[in-house]
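Peer 1: One-letter residues, chain by chain:
2 protein chains.
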Amino acid sequence: MMQPLFVLDTAGSANLQQQLMQKLVQAICNGHFACGSKMPSSRKLAEQLSIGRNTVVHAYEQLIDEGYLVSRERSGIYVRDDIYEHHAEARTAEPQSSTTSASEQDWQRRLNKLRLDSLAPPYPHNWQQYPYPFIDGQFDPSLFPVNQWRECSKISLNVNEIKNWASDSGQDDDLLLIEEIRTKVLPRRGIFASADEILITLGSQHGLYLLTRLLFNNQTLVTVEEPGYPGIRQLAQQAFSPLNFAEVNEDGIILEQIPAQTDVLYITPSHQMPTAVTMPLSNRQAIIDQAKKDDFIVIEDDYESESNFMSQPHPALKSMDTDGRVIYVSSFSKVVAPGLRLGFMVAPAPLIRQARQLRTLISRHPPANNQRVMGLFLSLGYYDQTLRRLNQEMAARWQEMREALNHYLSTRIVTSRTVGGSTCWIEGPRHLDSQQFAAEAAKHGILIEPVNRFYGSGGDRPRHYFRLGVSSIPCDKIREGIEQLADLMRQWEPGQNNSDANQQPTHASVKQWGKRLTGKALQDFASRCEFIGQTVFGDPYRIRLYADGSMTGFEGYQDERQDEGQWWLEGDRWFRQWRAWSYGETLGFEIYTNTNRINWVRDGKLVDSAFYILHPAGTPIPE
Amino acid sequence: MMQPLFVLDTAGSANLQQQLMQKLVQAICNGHFACGSKMPSSRKLAEQLSIGRNTVVHAYEQLIDEGYLVSRERSGIYVRDDIYEHHAEARTAEPQSSTTSASEQDWQRRLNKLRLDSLAPPYPHNWQQYPYPFIDGQFDPSLFPVNQWRECSKISLNVNEIKNWASDSGQDDDLLLIEEIRTKVLPRRGIFASADEILITLGSQHGLYLLTRLLFNNQTLVTVEEPGYPGIRQLAQQAFSPLNFAEVNEDGIILEQIPAQTDVLYITPSHQMPTAVTMPLSNRQAIIDQAKKDDFIVIEDDYESESNFMSQPHPALKSMDTDGRVIYVSSFSKVVAPGLRLGFMVAPAPLIRQARQLRTLISRHPPANNQRVMGLFLSLGYYDQTLRRLNQEMAARWQEMREALNHYLSTRIVTSRTVGGSTCWIEGPRHLDSQQFAAEAAKHGILIEPVNRFYGSGGDRPRHYFRLGVSSIPCDKIREGIEQLADLMRQWEPGQNNSDANQQPTHASVKQWGKRLTGKALQDFASRCEFIGQTVFGDPYRIRLYADGSMTGFEGYQDERQDEGQWWLEGDRWFRQWRAWSYGETLGFEIYTNTNRINWVRDGKLVDSAFYILHPAGTPIPE
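Protein sequences, first through last, are from chains B and R. Note that our numbering gives residue 416 to position 416 of the first sequence, counting from 1, and the numbers run on in steps of one. Note that our numbering gives residue 280 to position 280 of the second sequence, counting from 1, and the numbers run on in steps of one.
In isolation and in its complexed conformation, chain B is listed as follows (with noise of 0.2 Å):
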């Protein structure tokens, strides 16, 4: 006989009186069981999905107080014939569409002309199932804290909260979570604002449309960074607004290419969107002296103020603005989650009154639960102490993917030099195109980021540089990723469409390494020898040889990293070992020199290369 069959998550957190009655509910209501129709019986029904007896018989006493089912003496339960029958229509299961005879073309005559792109991100919905999502701006579930805001919202939830937040507050925002921000975030960035100058959004996006509707429009001269977030140059397009791209370099925005004729200039300086780069406080105070000069209005998106993990943050653009030009917008999906859709904007006040009656007009105002809940996590100190690991977290990631790029790439990639960020910002080869590699990179299961959608101006786009984020993938799968990253570029390369690594190098590069040192030679040139290079970051390293077979290693601008390890010769091969650099792994090389360049090969591959200089022989080796 035909009976309905529920999978109950047993194991599920959700507790499973909970689940079946959710599942009861559906299927009374999709009609599963009939109007009228007799319930199984609470034995058979708790045998069928094998739970206890007891936990079918209080479900059914629940949904019979709720109206669902009927007890009917000597007889059983059944479902009410009355109460749902509105529900039962419900069972022709997906109605057609009253699409049908609005048609698409129908609609595209009666809709405004607005140039949506979609704002999609460029990876896959499911992003969460690769091994290897070097993805940025989404959310790792790891670093949420969980029990910090289960119990932030326990507390918003008890009588006296609700009064708080379940009335339609008007225009006005939670005063517990505007407070904080005033006093404990901002702050932080040297921003003091007053409580009418601050605005809570679902957002940063949300504030930059606010904003857009406010300031933008077909006269506004728009000049925002080239490379550039995507979502300022088509909110600009929905107000007509010319738009000026000024290029972007290790400082961020080129200050040079910001016109004098300027309106509003968009900018992120503590972390470049997306090259992730930060600008000097030296850039800052000019472009805060220009906007005075010109008499512009700079928008600030502080997206990822909080993360910098090689070193102290600057302090906000805003912080230095002595005459209320810059607008600073912020958010806090990077700290807490994405999805809360939380964030704030500091402001003049007569801007800030307009901004609110706009929000007013569009939806009122976010959420009041959720402001709530942010106000009481963050005056219980949660969110120092969510960022603190954050941080941590962040940096530990940050240096694995250098170490690993390092090791890995580093004769095939640049990347510009960032403090901190949770992105890296790379130059492939040239023959690279990021769009197809990162495709293919895909089927391998790693997600790494193309830059297209960054380049707004007509301009040719490097269509060799991408994008490799931290915040999403966990610390132990950052090598391996960039290692399967490596060999997968290395296919990628020229004359090499396999990675077979047996394979013997062609005479050409062979020609282009050099001669290879071997015998007697080697061990001569290893014994004094000091190669002289730079990271993958750009840093100088170099390291010293030393007859006795130990060598030392700097790294740095003030020699910040150093490290100690041995070296040795196998037959005509030079291998070595460093204390912790390298994985601390034993290798060995080919070793080629051309002038003075040195060149290390592996299985008939380019591995590094440096310039060196030869000591003389018998420098005393330090103790």
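Keep in mind that the hints are not guaranteed to be accurate.
The list cannot tell twin chains apart, which means a pair is met if one copy fits it or any two copies do.
As a list, the in silico SDA-like pairs of lysine to any residue whose alpha-carbon atoms are at most 25 Å apart [said to hold, decoys possible]:
| id | residue 1 | residue 2 |
| --- | --- | --- |
| 1 | K113 | Q219 |
| 2 | K154 | G381 |
| 3 | K154 | Q18 |
| 4 | K154 | Y382 |
If you're looking for bench data, these hints aren't it; they were derived computationally from the structure.
Using the hints, position chain R against chain B.
Peer 2: Showing chain R alone in chain B's frame:
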């Protein structure tokens, strides 16, 4: 990490100590350094700002001289506790804020000329403190489903659920919520839609904003109800769309006033905003037909869909829509809580697709955690439960208000006949200015809603109309509130500038009442008389008196409501007591008759009035 982060322009000309002092004063005035709190040591601050320690020491010294700081022996330097007496600017932190230089005019010059009239509700912010808040659309904590919401919120915070909502879902909505709306909420309104025809919004206003951005331009003729919802008028103004006002009668919008040139028609059929009248099915069909004939789009704002306390709710207009011309907008605010900002929109797929993209551009998606909690709330059947509880409560309050209005205000007001809804549209005495009267009532703790803001056309607005709502006032407060309102209204009458009950009626009014019945005449009249009148809601009633002192009453078109009672004479006054009607209280009146009208008079005031007929003497008394 929690330390304030000043930026000092070390290059800049202004000397460091000056800069430091400015920043410190600002921080003190903004309350970042609270009164009496300890300042960071000069050493620590100097390190942090990487400036000479002496600079800090001198800055501190000067601020001590200026009375911002005090130095305590062997303890350190503190902010003065009495700083507010000493420094005016400290009392008002705002002037310190960057607003100072960005003047009002300055921003007026920059801001787009958006016509943003405040949408703030017309009642005081602390309405909850008023004993008799007869206002609408607000929140009653006593009706919020605390436990069920808590439970769902708890479930949404288990680790697996968090994964479902915490990430940025891009354009997508919560699948559970969509499915619950599709199979539970919409069928109850007679609507069957597919998932791609449903969009989650931040409440009705958000849905309307999206629609106006997509459908309205300066060519779009928008027909709205008059009086009607102010929000839609503002949105149309934003889009520079011409407005056409169609008046409202007992059946909602007057069909004849919907011009054929209409491009978009905005209506609130289930309960017209603000009169709360319900549109009959025949009119709905007529509108569907005209929309097809004249090729226009209908926006149905079902803002109070679920509350229909007197009878089964009509199906939505959308349910009659056979060719995708009706866009259905609704919200969960009335059932759960407005503070959550959750609603939805049903429309043909092509429109929903565009609306979704626009929504993404504005603020991505409505907060996903709330979507999930609401989805669980529905799936566990708590929504229906809440709805039932809500409807019972509202029905009770509604009845209570009917009774009270009937009892205390029958001669002074006329109400529009409404089936359910949570508000009552009231026509007061002609001489009443509802604005002034509402202000006066508020002084007595009674909040009523003047209705001027609902009128958009230039035409003269009836100044003597107002609204009473029951969604925010507890049942047991309603009678008191109405009684006091009635007293107030009596005082408002010409020639009666106080509520002194013992004062004598004016000669004029007595004359108007007709001839007073006394002694045998009254006895004979009362023994065989029948009154025929109308309740304050326009329903007919008739009351038959019998010689034996019994009486029977019938109210409604089918005599739906009945009661029995006793009457008798004391001196020349006629007394009556109903079982239930008029709160079952004993009340005595002077009886005046004027041709075929009877006038009940108490304390020199006309209390009620009706037609009467006299039955032949000795008519048998029914068993």
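Peer 1: Next, verify each hint and record whether it holds.
Peer 2: Going down the list of hints, with the structure as the test:
1. K113 x Q219: both (20 Å within a copy, 14 Å between copies)
2. K154 x G381: For K154 and G381, the Cα distance is within 25 Å both inside one copy (16 Å) and across copies (22 Å).
3. K154 x Q18: both (19 Å within a copy, 12 Å between copies)
4. K154 x Y382: both (14 Å within a copy, 19 Å between copies)
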